[in-house]
Amino acid sequence: MNPTLIIDASFLAAAFLFIYGLKRMSSPVTAASGIRVAGLGMLIAVLASFLYVFNVSEAALPHRTVNVILAAVALILGLGWAWTSGKKVEMTAMPQMVALYNGMGGGAAAAIGAVELFRTGEAHEVVPLVVTVIGSLIGAISLSGSLIAWAKLDGRINGTWRISGQQLLNGTFFVATLALGLYIALVAHGHAPVALTAAFFIGALIFGVLMTMPIGGADMPVVISLYNAFTGLAVGFEGFVLQNPALMIAGMVVGSAGTLLTLLMAKAMNRSVSNVIFSNFGATGDEEQGEIKGSMKPVDAGDAGINMRYSSKVIIAPGYGLAVAQAQHKLYEFVKLLQDQGVEVKFAIHPVAGRMPGHMNVLLAEAGVPYDIIYDMEDINGEFKEADVAIVIGANDTVNPAARTNKSSPIYGMPILNVDQAKQVYVVKRGQGKGYSGVENELFFADNTNMVYGDAQKVMVAMIQAVKSLDGGH
Amino acid sequence: MLTGFIALYIFMLAAFTGYEIIGRVPSILHTPLMSGSNFVHGIVVVGALFALLNATSVLEQVIGFFGVLLGAGNAAGGYVVTERMLQMFKSSDKKKA
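Taken in order, these protein sequences are the chains called G and P.
The numbers in this note's numbering rise by one with no breaks, and the one at position 335 of the first sequence is 335.
The numbers in this note's numbering rise by one with no breaks, and the one at position 52 of the second sequence is 52.
These are calculated hints, taken from the structure and not from any lab test.
Among the hints, erroneous ones may be present.
To be verified - Some chain G residues near chain P, calculated using beta-carbon distances under 8 Å:
| # | residue |
| --- | --- |
| 1 | A32 |
| 2 | A111 |
| 3 | V126 |
| 4 | T231 |
| 5 | A246 |
| 6 | A250 |
| 7 | Y371 |
Said to hold, decoys possible - Pairwise CB distance ranges, derived in the manner of DEER restraints:
| # | chain 1 | residue 1 | chain 2 | residue 2 | range |
| --- | --- | --- | --- | --- | --- |
| 8 | P | F16 | G | K267 | 19 to 25 Å |
| 9 | G | T30 | P | L13 | 37 to 43 Å |
| 10 | G | V73 | P | I6 | 54 to 60 Å |
Said to hold, decoys possible - Below, simulated DSSO-like cross-link-like pairs (lysine-lysine); rule was C-alpha separation at most 27 Å, straight line:
| # | chain 1 | residue 1 | chain 2 | residue 2 |
| --- | --- | --- | --- | --- |
| 11 | G | K88 | P | K90 |
| 12 | G | K313 | P | K90 |
| 13 | P | K90 | G | K336 |
Beta carbons are placed, not taken as given, at the ideal position from N, Cα and C, and that holds for glycine.
Isolated chain P (complex conformation) (with noise of 0.2 Å):
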């Protein structure tokens, strides 16, 4: 069980590591980087299959059927596009890899 505690402990390093990793990015990545951290959060869809089976009603069907379907829709978006940028991205030493 996570306890208060350590739950603050958990974001408080998550929330420095997030910005170190930003912090010394070069503009160009800005636009993949922003859609590669929209993809990471896209991690939501797990704790919606959590929700979605322990749902226990009609109603919680529902709602846990939709956050399942908007976190895929997240995560799967996410990846595709950011990787379709970041493909793109070639230097002029190599020759076409």
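Just chain G, same shape as in the assembly (with noise of 0.2 Å):
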């Protein structure tokens, strides 16, 4: 059979699996088998290409033998490296290594246009060309970021590193690799020196650790989304190069699907994306923060579990620190024992609680809680105020309510959960610090607001304990 027709074939079919998977991804009943839908699509598409051995250009078959051996050897390692640490990465740390992933199919896409541009041999079109081009440069400012994005997000950059007039210098930065690039398409019509054209790569490398590196921890989460984005569009560009729908509809959908879910994740935080990535979130923290009345009440973890334990209705707001402190298992059989009690518990997540939004949800489904006792902010805010205790497990600035009321504060206009409306709130805290934000937080010296220091694993326990003791035997 003709192994143009396989290829081709195959690749329909890979490019209506991928869309199709992520249908069924699209809700949470068939989402574990949208996955594997799309694997299956990635399986067929990757085999059916080997098939390109027999249709290389005339000028690469006396090096066949030696590409198809690099060929097996690079997928061999690449899957094998990243099969065994995506399955042995925890849960917490999965924002950075999606953020790893990421970054390596951006510089796939980079690569595949280096492979183009430096084939000075051969006569380019320019559409071609200045599409290789925009596509490799996408391609390799998503490498850098992601990477960059992967390091502070696993604590291995610390804080951000901001110099002044850093935006003219990344404007003109990206203006002069962007011309360097349009000069190789069009002017050197791809025939330019090794040399430029590895300036040109450089130069987007370079740009994308500039664009990264000012933007702090917390809005992390957005970057690698608009990455997702910039690797999926890179990859639809390369696919018109090499003339390869799949990788055009594939990645075309992921760019605007990734686009899609930026907004909605900046939207969540209450702010633009431009202002994510332009300006300085934090650098105004400590300006003024106004006295804070009251003071903080603290309460035994045990006391709180039995008045939890004799409440009609309990919602838990968690936050990062219950993951950190991998407190998600002792928190949920401290749950099914208030269930057994006949307390109704549900959960409030916050858009942006944990490192990305829909983190928290993760985090919670590890530890076994069923999802349709987590609710979205919106569908649970109402009912604060019909709850006997609010506990904030680990969560800081999203339940502050300064971002409703004080206009000064750097979080003011984020959406809250309304914990504060609960006829008694637990906060269980490691200590008196403050949130991601640096913003001290009027919850917590609320007047019916108590504090439950300690770590929450061990609070937890406490609270289990306390309840477990007062029904006996049971």
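Dock chain to chain to rebuild the complex, using the hints, since each chain is given by itself in its own frame.
Here it is in structure tokens:
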């Protein structure tokens, strides 16, 4: 049979399976099967692409054996490393892992562009050349930018790196790199000296670093999502250059889906995407905080647990601190105890709880919490009024009433969970520190708030014991 | 041969498809879906394979090798972490499946 026909048919099947798989991934009921459907598409496409061996260009024929061996080795190494690292990564570390894999995809797209641009011997047409250059630029930015995002979330780079006139520097750098790329495409017609092409790629990589370094850790999820969209676009563009519709479709689907996801995330934080990238969030944090009245009132974990045992409705607002303390399993054990006593328990998830939108849902799912007692902020915010107890665990900025009232606060305008409206609020917290944004939290000083100090996991254990000892032999 | 306009039609329809799929997703799935779409652009490995198999110089072979390596990492890593996350989503109706 004609290998080209098999390849084309396989790519068509892959494109269908990707879209169908993504569609299934958009509902929690079918999501797990969706990724397998998409995975099948990937397997078919990769296996079929080895049939390219029969269609290599005449110039590449003498290198065919070496190339096939190189391809097999690269595939096995890349697959082996990613498979093992993906299997053992902690759920809390998921955002940086996604960033890392995403950067690799961007790098692969840039590499495709680089092979095209370094192949100076052949005649090139203008349109594919320009598309190659733009795809390479975006891919390379996504590679280095994602690596910085990964390093920041993984705690390998701390703090932000800002200099005066940074935006001017970044802008100039970007324009210069783009101009160099367009020179290679439009003036040199793809026959530019190797050094010049190399300079273009190095410039794009450096720009990715410059663009990401000033962005604070709290904004990193939006940035990762943006780079995800970037890689998608780069893949789509390089797909056009290679005349491969599967790459074009998959790349562009991800490009637009990723763009939308980025906008949704930024909206959840009440910020615009340009605001995330170009402004320095948190830099104005410690101006005037204003006096906060009242005092923090500590309470014993066991007493708080027993109080919840006799409530009729408890709403839990978890934050990243819960996952850091690895307390989600103990928390769910406590929740089941409460449910056995007829207490209605719900989880309230702020859109940016965790390190990425939806991250907290993943962390709770890991502990076995069913998704139908987990509610989004909009769906549950009206219910805090009726709750006897709201318990905040490892969250801070997402429950700070200053976001509603204090115009001078850096988090002003961000939607928050209305935990302060519950009759009684417990805040489980390690110490008296501030949140990620560096803002003091009025909630902790409110009359209906009590602080439960300690490591979240130990606190949950104490609550479980208190409730269990109360109910004796159950 | 895909001419410019046919390519633009493909891009346009694919962009709408991506927008429509994500537009209705509940926010509890945002993280797995970002990871899932990250996996889908791992298809880039196929393009890198094409580039490497057609390489004619050592420079192209080296770049192509890294392209395939990175692309394979994107696809495999994206798949594994997405599957792990989605496996965990369970409703309280069903007993452990």
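Results of checking the hints against the structure:
| no. | hint | verdict |
| --- | --- | --- |
| 1 | A32 | holds (4 Å) |
| 2 | A111 | holds (3 Å) |
| 3 | V126 | violated (11 Å) |
| 4 | T231 | holds (5 Å) |
| 5 | A246 | holds (6 Å) |
| 6 | A250 | holds (4 Å) |
| 7 | Y371 | holds (6 Å) |
| 8 | F16/P to K267/G: 19 to 25 Å | holds (21 Å) |
| 9 | T30/G to L13/P: 37 to 43 Å | violated (23 Å) |
| 10 | V73/G to I6/P: 54 to 60 Å | violated (36 Å) |
| 11 | K88/G to K90/P | holds (21 Å) |
| 12 | K313/G to K90/P | holds (23 Å) |
| 13 | K90/P to K336/G | holds (16 Å) |
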